[in-house]
Amino acid sequence: MLQAYYQKLRRGSQQLQSRTTIRMLESLVRLAQAHARLCLRDTVEVMDAVVVIHTMGTSMSGADGDHECCSRERTRLPTR
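Residues in the sequence shown are numbered consecutively from 1, following the working numbering.
Since the hints were made in silico from the structure, they are not lab data. Possibly wrong hints are sitting among the right ones.
Said to hold, decoys possible - Using C-beta positions, here's what the derived DEER-type ranges look like:
#1 Gln17 to Leu40: 21 to 29 Å
#2 Ser13 to Arg41: 29 to 37 Å
#3 Asp42 to Ala4: 17 to 25 Å
#4 Ala34 to Ser61: 27 to 35 Å
#5 Thr43 to Ser13: 32 to 40 Å
#6 Leu40 to Ser18: 19 to 27 Å
#7 Lys8 to Gln33: 18 to 26 Å
The beta-carbon is built from N, C-alpha and C at its ideal position, and this holds for glycine as well.
All chains should be modelled from the sequences, with the hints used to inform the complete structure.
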């Protein structure tokens, strides 16, 4: 699943192609492994890959906080 996502990014726009290197694929794998460990598992499952793909997509979509799963009200940091 992670390899297919990586290949999709490589076939994407010119901007995505320039940011999508083999290091990104390696990072996707490491993030999936880390998520599995957070869930107290030794093996990576499909859900770990789904979480990583969602996280990476959110990260690459920008930092404006307007992703479909997040609202500004829930993600706003408290002010002093």
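Comparing the hints with the structure gives:
1. Judged by the Cβ atoms, the range 21 to 29 Å given for Gln17 and Leu40 is violated: they are separated by roughly 37 Å.
2. At about 35 Å, the CB distance of Ser13 to Arg41 agrees with the hint of 29 to 37 Å.
3. Checked against the given bound of 17 to 25 Å, the beta carbons of Asp42 and Ala4, roughly 24 Å apart, stay inside it.
4. Checked against the hint of 27 to 35 Å, the C-beta distance between Ala34 and Ser61 comes to roughly 21 Å, which is inconsistent with it.
5. Taking the beta carbon of each, Thr43 and Ser13 are about 34 Å apart, inside 32 to 40 Å as hinted.
6. The supplied range of 19 to 27 Å is broken by Leu40 and Ser18, whose beta-carbon atoms lie about 38 Å from each other.
7. Between Lys8 and Gln33 the beta carbons are some 21 Å apart, a value that agrees with the proposed interval 18 to 26 Å.
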